[in-house]
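Peer 1: Listed below, chain by chain, are the residues.
There are 2 protein chains.
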Amino acid sequence: MKSEKIDIHAHIIPEHIPDLKKKYGYGGFIHLEHHRPSFANMRRDDGTFFREIGQNCWDPEWILRDMDAHQVDKMVLCTIPVLFSYWAEPAHTLDWSKYLNDHLAAVVNRFPDRFIGLGTVPMQAPDLAIEELRRCKEELGFPGIEIGTNINQLNLSEKIFDPIWAAAESLNAAILVHPWEMMGQADMQKYWLPWLVGMPAECSRAICSCIFGGVFDRYPKLKMMFCHGGGSFPFTLGRVQHGYDSRPDLCAIDVLEGPKNYVGKFWVDGITHDLKTLEFLIDLMGADKIAYGTDYPFPLGDLEHGKFIEQATSISAEVKAQIMGGTARAFLGI
Amino acid sequence: MKSEKIDIHAHIIPEHIPDLKKKYGYGGFIHLEHHRPSFANMRRDDGTFFREIGQNCWDPEWILRDMDAHQVDKMVLCTIPVLFSYWAEPAHTLDWSKYLNDHLAAVVNRFPDRFIGLGTVPMQAPDLAIEELRRCKEELGFPGIEIGTNINQLNLSEKIFDPIWAAAESLNAAILVHPWEMMGQADMQKYWLPWLVGMPAECSRAICSCIFGGVFDRYPKLKMMFCHGGGSFPFTLGRVQHGYDSRPDLCAIDVLEGPKNYVGKFWVDGITHDLKTLEFLIDLMGADKIAYGTDYPFPLGDLEHGKFIEQATSISAEVKAQIMGGTARAFLGI
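Protein chains in written order, with this note's numbering: chain C, 448 to 781; chain Z, 448 to 781.
Hints in this document: simulated from the structure, not taken from any laboratory. These numbers come from a predicted model, not from an experiment. There's no promise every hint is true.
The list treats identical chains as one, so a pair stands whether inside a single copy or across any two.
With a straight-line Cα cutoff of 27 Å, these simulated DSS-like cross-link-like pairs (lysine-lysine) come out [stated by the list, open to error]: (1) Lys712 <-> Lys668; (2) Lys470 <-> Lys712; (3) Lys723 <-> Lys767; (4) Lys469 <-> Lys723; (5) Lys637 <-> Lys712; (6) Lys754 <-> Lys723; (7) Lys584 <-> Lys668; (8) Lys707 <-> Lys754; (9) Lys723 <-> Lys707; (10) Lys767 <-> Lys707; (11) Lys723 <-> Lys712; (12) Lys637 <-> Lys606; (13) Lys606 <-> Lys584.
Same shape as in the complex, but just chain C (with noise of 0.2 Å):
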């Protein structure tokens, strides 16, 4: 019998948005702006180009085709992360967020089989975020939410988040930390890099500032995944460990025990387009930690939908079927 493969990290927008200047009254929103067939151009609304999507970035039939040819069971989507719009007037940033979910939620309910759905909340303004945290999870019928590495460069270390992790572990509320805003985007505009240096710097730093400011220690049932593998982190965490044995000073002011013990307290994505590089994964996290996962639709995503894990020889089919759906109904408690 096929195991179940369910994708842990896709991304989604409706085909149309508002006019988000116009309806909060200032700028710095992205808008849609539909040039081809199938394809839309994203847009700061100063004009500026951030990136060209296609249909299957918003088109569920056209996604539902894709799992077909891929045999995806279940496809968890969630926003894409430039809309968070942390940045907003929190109130702004709330009624965008429900937009989002409720469009979410009408995607997910015509095909409640196939999809599952992540939602987003004004994290900078916990007491919105946890509103709109509870009826995600409450009324629309989501397993969790997506947010960012950082929160306006805040990192999630800061006690002002507390709040909302303490909602999130009584809702049983899964949490995916997605990448954002990175860290030295501003002098690495050529070649990608802030996708392929920053964005794993960035998840290495949100998984250093819950374990460093003891976030998994006050909140133990809080379920977390870090999206890329855990980026940097896990090739790191020989230097993180040794950072917190060498000046606990720094280190370890407010956590209770060293780096390396909270390794299974916390789930990654496979997203590492790379064998062996999983495998030294699944060697550090157990494969009861990691979600397939591909970043769908985006061209660094893994568009060939796992097959380089389901092909691996070096990888038993028990922890293949882990990795490729166990994992995921675990983490989102489906």
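Assemble the complex: chain C is given as a structure, and chain Z must be docked to it using the hints.
Peer 2: Below, chain Z alone, put in the same frame as chain C:
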């Protein structure tokens, strides 16, 4: 017969340094305050505390005792990156580099069988950098220099640095690329994250910049070694390669081949603090591209001087000999 042990990555500072603020007429430099026996505080000249260092940071005889205690045959010494001072007036950075290089040469000349020097040069002014690089190689007898992962936030791919690479190649000078002025530093002040997250990202930034910027294409005999096991690069190479494959319009504009093809064209030190991480690195890079190093005398360094490598039962004696000394000889050309 015990194989040779050469530490490729260690730091030294003169015991006393001049008042640079007074000398050059503006602030921003580091000064040393010997506040208690065998210890000194490094402070910025506005009084800001940077770090406390011990006598093992300036006293060659103290260093030799540590080397003897750990059977280290030779140690490659270079300055502490905070002293690079690329931000200063070029003529002043040149003057200061000469001071540091002359001091380093004096240390090496006292113990020529035990110490090897890597100089520092005013990278922000390529003409002056080349002048001092030439002096380091031809007059002071250094096999090469140490530089930052970025130069005042400019990446190593910038064409203004090409004359330096050309000079280093023609002089057969080795370049150790050390993380400094870390991305995201301002937003990651807690928990030592600039060192634990920013530094690994900087190493990847430098490697990716040299690859994508075509540096290894234009200077095929240039010898560059990147610190800390290459930082986050090795674990994220799958992602970096996939970036190149999927968005050649962004990544393949200045480089001839894909990133994976450049593995083997540069070196890394072996400072990983973790055997499995080192094994992953050996498998990826080959032992002939990995040199044992420590980051001595700093607490984040491997102050057990490669014990985790020497004691590893999973690494052959041949591979150990290569990493512990053979690679350093080949890289330095000694």
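Peer 1: Confirm or reject each hint.
Peer 2: We went through each hint and held it up to the structure:
Taking the shortest Cα distances, Lys712 and Lys668 sit within 27 Å of each other inside one copy (9 Å), while across copies they are farther apart (46 Å). For the identical chains of this complex, Lys470 and Lys712 are neighbours neither inside a copy (42 Å) nor across copies (54 Å), given an alpha-carbon limit of 27 Å. For the identical chains of this complex, Lys723 and Lys767 are neighbours both inside a copy (14 Å) and across copies (22 Å), given an alpha-carbon limit of 27 Å. In this assembly of identical chains, Lys469 and Lys723 lie within 27 Å of each other by CA distance neither inside one copy nor across copies; the values are 49 Å within and 54 Å between.
Proximity of Lys637 to Lys712 under the C-alpha cut-off of 27 Å is restricted to the inter-copy arrangement: shortest distance 22 Å between copies versus 36 Å within a copy. For the identical chains of this complex, Lys754 and Lys723 are neighbours both inside a copy (14 Å) and across copies (26 Å), given an alpha-carbon limit of 27 Å. Proximity of Lys584 to Lys668 under the C-alpha cut-off of 27 Å is restricted to the intra-copy arrangement: shortest distance 16 Å within a copy versus 58 Å between copies. With identical chains, the CA atoms of Lys707 and Lys754 are at most 27 Å apart between copies only, with a shortest distance of 20 Å across copies and 30 Å within one.
In this assembly of identical chains, the alpha carbons of Lys723 and Lys707 lie at most 27 Å apart whether taken from the same copy (21 Å) or from different copies (14 Å). For the homomeric pair Lys767 and Lys707, the shortest alpha-carbon distances inside one copy (24 Å) and between copies (26 Å) are both at most 27 Å. In this homomeric assembly, Lys723 and Lys712 come within 27 Å of each other (Cα to Cα) both inside a single copy, at 23 Å, and across copies, at 20 Å. In this assembly of identical chains, Lys637 and Lys606 lie within 27 Å of each other by CA distance solely across copies; the values are 13 Å between and 35 Å within a copy.
Proximity of Lys606 and Lys584 under a CA criterion of 27 Å is satisfied intra-copy only: 23 Å inside one chain copy versus 52 Å between copies.
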